[in-house]
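**Student:** The residues making up each chain are set out below.
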Amino acid sequence: MATTSVPSSSPFGESIRRREDPRFITGKGMYTDDVTLPGTTYAAFVRSPYAHALVRGINSDAARAMRGVRAVYTGKDLADGGVNPIPAGWLLPGIVLTDRRPIATDKVRYVGEAVAVVIADSPYIAKDAAELVQVDYEELPAVASATEALADNAPHVHEQAERNRSFHWSIGDKEKTDVAIRGAHTVVKQHLVNQRLIPNAIEPRSALASYNRATDELTLYLTSQNPHVHRLIMGAFVLGLPENKFRIIAPDVGGGFGSKIPVYPEECVVSWASKQLGRPVKWTAERRESFMTDAHGRDHSTEVEMAFDENGRVLGLRVHTVANLGAHLSLFAPAIPTYLYGTLLNGQYTFPTIYAEVDAVLTNTTPVDAYRGAGRPEACYLLERTMDIAAKQLGIDPAELRRRNFIAKDQFPYQTPVALAYDSGNYAPALDRALEMVGYERFRAEQAEARTHGKYLGIGLSCYIEACGLAPSQVVGSLGAQAGLWESATVRVHPTGKVTIFTGSHSHGQGHETTFSQLAASELGISMDDIEVVHGDTGRVPFGMGTYGSRSGAVGGTAIHMSIQKIAEKGKKIAAHLLEAAPEDMDFSDGKFFVKGSPDRAKSFAEISLAAYLAHSMPAGVEPGLEETSFYDPSNFTYPFGAHVAVVEVDIDTGHVTLKRYVAVDDVGNVINPMIVDGQLHGGIAQGTAQALWEGAQYDENAQLLTGSLMGYGVPKADMLPMFETDRTVTPSPINPLGVKGAGEAGTIASTPAVANAVIDALSPFGITHLDMPLTPSRIWEAVHTAQQGRA
Amino acid sequence: MYPAPFEYHVAGSIDEAIALLARYEDDAKLLAGGHSLIPLLKLRFAQPAHLIDVRKIPGLAGVREVDGAIVIGATTTHWMLESSDLLKKKLPIIPEAASQIGDVQVRNMGTIGGSLAHADPAADLPAVMLALEAQLTAVGPNGSRTIPAHDFFVGLLTSALEPHEVLTQIRIPIPPAGTGSAYVKYPHPASRFALVGVAAVLTLDGGTIERARVAITGMGPTVARLTGVEQALTGKSADAATLAAGAQHASDSIETRDDLQGSAAYKAQLARVYTRRALVRAVERARSARG
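As they're listed, the protein sequences go chains A and B.
So in our numbering, spot 536 of the first sequence is number 536, and the numbers just go up one at a time.
Heads up: take any position in the second sequence, counting from 1, add 792, and you land on our numbering.
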């Protein structure tokens, strides 16, 4: 409704430059590490160099004796001091939970797990002293691979988890799927590895805790995507602090990608230590610590079987995934390889039946949790990679095979065999447009011609859906979430007509200060300059769920919209009273309350704001003031979709891949700020391309992380990528009044299989049908070399 | 992120730098840009008690032509190399290689002397110096000496410099007419160090390769001259088949090992391919220069 009532002069839909950027690009942002309070002390963690070891003893005498050292705490000190383990926030039937203490007590389970913390007057002293803490370890055999951890003789990461399995989960109809696969004309089988990724937000995690003995209040500055969730879990479960005595401020946050959702040991430790010492305690991760301790992403090993009839129509999909959860259950870890993955396995297609089962396994590796896309990229990669393999096997063009199996536009809302009901969609036009932009037919001719002189071009498609706008609370509650996933917004109109929006969403790169003020300016008919957006402070903002799962526009934006509707209704009553008209005769548009049909009988938004606060003449039963709060709980997810196409050239001599073109046609519903949506897409495409080509955590046989720095781990850089060519189709979501769907993760979800498919397409003359990611030059060269030798 | 404590000294002259080195013995490191050293300090892999900064010594930075040779001061930054008109004209392989080091920020701080003295086995400039047969001047308590590039890179992160010596300048003879050179590199996608880098300097006499100097970086514990390639080319016709055949010798004299970047066989392949590409480009340039 809002989108249609928005006047044409409104900024909704305009590429307004991000209002937060001037402070970021001039170095004036205020990040957690920029906050220093009088008397601040600094924490340095003593971390295990072993992936699996018993802690026999800790001698911290030398560290304690250092000048400037305030305290050294071990896991036992915390446990004795009433600090509880960090809980998992999503419970599944039969799940084996882990006892994740902020500092390990008797056993360490991954490299980098904390065994002690030093608090000192400077970070340098803390670090010097941490080197003096002597820990007596008894090293145990370790296991990094989830499939190896399931083996009979594997080391036991947690005693209570038999065969290291935390849970087994399934979705869909096993029997029906088995039958479909048995009777199929063609069954495409493939083993797929979706490798482990390391998030690498540009700002490392940081926490500054300040306990006030006079008021018994704790304030924590924290790199958090969801400060209220952090406060709830840390306060109620870990530290035993009442929420009304505990404030978390997540100021400017430099990227999250999901890695700043979970509650981590470090913020619990500095919070507790601050209370012990009566001083502020700060910790900021070194990049090496980020690599070792930020929750990693992905890490699936999957057997997939996709069944087709003789006409290339899908009959069924059977999936068995082994998901590596790492050494402990991170906050939302159980949800990622299950409800955010298994439910997405239908993609854009008309699978009559699907069955997916997941073994979730504990290993001696960094805990795994949400990473941009979180389950959905794994599902999309599986489907789209397998579709390409199937196209080859069936002898059908990959675009045609997809088109043949699309859900038709008149089939929406569409109930999939894996629980989700898609809100809206129209898949073929996005694919057609992407193919037209890339010149698909022409490319095939070019490709054939290029091969005749040893030049190997490849093209790869990816048709994706994602589930955004996390999520209906009742639904996620029934699935095991220990939280609701609504969002809050308070819209405060000041007496002068200036507006402050307090949103429960949290911006850590998404540009909410711009989009939300665009939205509000459009709906209120006032200037964006008169609107401020406040987020990330539990002391100022009503309880909110934060930002992840591409939910801020669809859920947080709708909450703002609802509050504005209430403001408008109240304003109409006040205006009607002042204009001596009936409230039902009032209209609100372009920042004016006016009598329908008599636009001159009007009061401006500022006049009504002042009148509401003066309250000299209010209609009966209307309270003074002009401020409204809403809690919006969506009735469904939203389902953005699109088609991406990658064009690559592979240098057969070296295995080097050049991404030559990248075309993305996305449908994210209505768009508030096209430039910001494009920016989200671009970043996501870069990230997803990096998974296809460069990124991948590697552990050795002792579960030591070999890719532990930016010297070895290949994050994408601008000069490794082409200019992206983007376009959109617009299918508004009927789920929320704004018609928006979500755009934060689409690029990451779609691009990985598009690029991987393009590389494999380029290699098809060598009979190569699949290679696991990352598609590094050496991996490609070895495969080509082997194929060439086989032929010789 | 937080280095162990150290004392920072600014040397005002080469003599002062040498005196400081002598005073602190093994506990001191020279700082000449720091783009290799400072990360090591921050990771606490290196914990010297004293850093002696040579970047502020007057007259130690710059590129000039002296008696048919180019002389480069040790604290000349990569950016100065990259943008030097003199080098572009006389030794274009140096700006070509310098422009591929790290990123602009690194090139603005890092210096040629620092890079050579650090002797990183995957650095770019050491291979170029080998191929150009540079002469490196080291000054110590007993005066100065000249070390040919082929004697300078001794092993992994080890140069021929004595503990109290300071590398002060690099002298490179200007190659004769008919010379073409090229540095080609396959950078590691994360670090941008060379997975392989090949520097080729070829002098043609008509259609014949009169002289070939080829060096490789990124393979093995130290940069190396590819003498097998050089011998296979010398006196031969500068045609594509000869260059390709010569490049096949690139993997003869290096020892490749399996690591995260790939197998030994893949490394050997990279060495051959990049050698061929460097040779082809060097010959093209030799021809166009004559032109």
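No lab work stands behind these hints, which were simulated from the structure alone.
Just so you know, even glycine gets a beta-carbon here, dropped at the ideal spot from N, CA and C.
There may be inaccurate statements among the hints.
List time: in silico DMTMM-like cross-link candidates among lysine to aspartate or glutamate, alpha-carbon distance up to 20 Å [said to hold, decoys possible]:
hint: 1; chain 1: B; residue 1: K834; chain 2: A; residue 2: E286
hint: 2; chain 1: B; residue 1: K834; chain 2: A; residue 2: D653
hint: 3; chain 1: B; residue 1: K834; chain 2: A; residue 2: E607
hint: 4; chain 1: A; residue 1: K592; chain 2: A; residue 2: E649
hint: 5; chain 1: A; residue 1: K660; chain 2: A; residue 2: E607
hint: 6; chain 1: A; residue 1: K566; chain 2: A; residue 2: D651
hint: 7; chain 1: A; residue 1: K660; chain 2: A; residue 2: D600
hint: 8; chain 1: A; residue 1: K717; chain 2: B; residue 2: D895
hint: 9; chain 1: B; residue 1: K882; chain 2: B; residue 2: D997
hint: 10; chain 1: A; residue 1: K498; chain 2: A; residue 2: E580
hint: 11; chain 1: B; residue 1: K834; chain 2: A; residue 2: E580
hint: 12; chain 1: A; residue 1: K498; chain 2: A; residue 2: E607
hint: 13; chain 1: A; residue 1: K275; chain 2: A; residue 2: E217
hint: 14; chain 1: A; residue 1: K189; chain 2: A; residue 2: E303
hint: 15; chain 1: A; residue 1: K127; chain 2: B; residue 2: D895
hint: 16; chain 1: B; residue 1: K882; chain 2: B; residue 2: D859
hint: 17; chain 1: B; residue 1: K881; chain 2: B; residue 2: D895
hint: 18; chain 1: A; residue 1: K275; chain 2: A; residue 2: E286
Label-pair ranges, simulated between beta-carbon atoms [said to hold, decoys possible]:
hint: 19; chain 1: A; residue 1: G39; chain 2: B; residue 2: R963; range: 52 to 62 Å
hint: 20; chain 1: B; residue 1: V896; chain 2: A; residue 2: G39; range: 54 to 64 Å
hint: 21; chain 1: B; residue 1: E1047; chain 2: A; residue 2: G39; range: 21 to 31 Å
hint: 22; chain 1: A; residue 1: R444; chain 2: B; residue 2: V896; range: 38 to 48 Å
hint: 23; chain 1: B; residue 1: R937; chain 2: A; residue 2: E701; range: 46 to 56 Å
hint: 24; chain 1: A; residue 1: S709; chain 2: B; residue 2: V896; range: 39 to 49 Å
hint: 25; chain 1: B; residue 1: V896; chain 2: A; residue 2: R540; range: 32 to 42 Å
**Student:** If a hint holds in the structure, say so; if it does not, say that too.
**Tutor:** For each hint, the structure was consulted:
| no. | hint | result |
| --- | --- | --- |
| 1 | B:K834 / A:E286 | holds (10 Å) |
| 2 | B:K834 / A:D653 | violated (38 Å) |
| 3 | B:K834 / A:E607 | violated (60 Å) |
| 4 | A:K592 / A:E649 | violated (58 Å) |
| 5 | A:K660 / A:E607 | violated (57 Å) |
| 6 | A:K566 / A:D651 | violated (61 Å) |
| 7 | A:K660 / A:D600 | violated (59 Å) |
| 8 | A:K717 / B:D895 | holds (11 Å) |
| 9 | B:K882 / B:D997 | holds (19 Å) |
| 10 | A:K498 / A:E580 | violated (25 Å) |
| 11 | B:K834 / A:E580 | violated (73 Å) |
| 12 | A:K498 / A:E607 | holds (11 Å) |
| 13 | A:K275 / A:E217 | holds (9 Å) |
| 14 | A:K189 / A:E303 | holds (7 Å) |
| 15 | A:K127 / B:D895 | violated (30 Å) |
| 16 | B:K882 / B:D859 | holds (13 Å) |
| 17 | B:K881 / B:D895 | violated (23 Å) |
| 18 | A:K275 / A:E286 | violated (24 Å) |
| 19 | A:G39 / B:R963: 52 to 62 Å | holds (57 Å) |
| 20 | B:V896 / A:G39: 54 to 64 Å | violated (40 Å) |
| 21 | B:E1047 / A:G39: 21 to 31 Å | violated (57 Å) |
| 22 | A:R444 / B:V896: 38 to 48 Å | holds (40 Å) |
| 23 | B:R937 / A:E701: 46 to 56 Å | holds (47 Å) |
| 24 | A:S709 / B:V896: 39 to 49 Å | violated (21 Å) |
| 25 | B:V896 / A:R540: 32 to 42 Å | holds (41 Å) |
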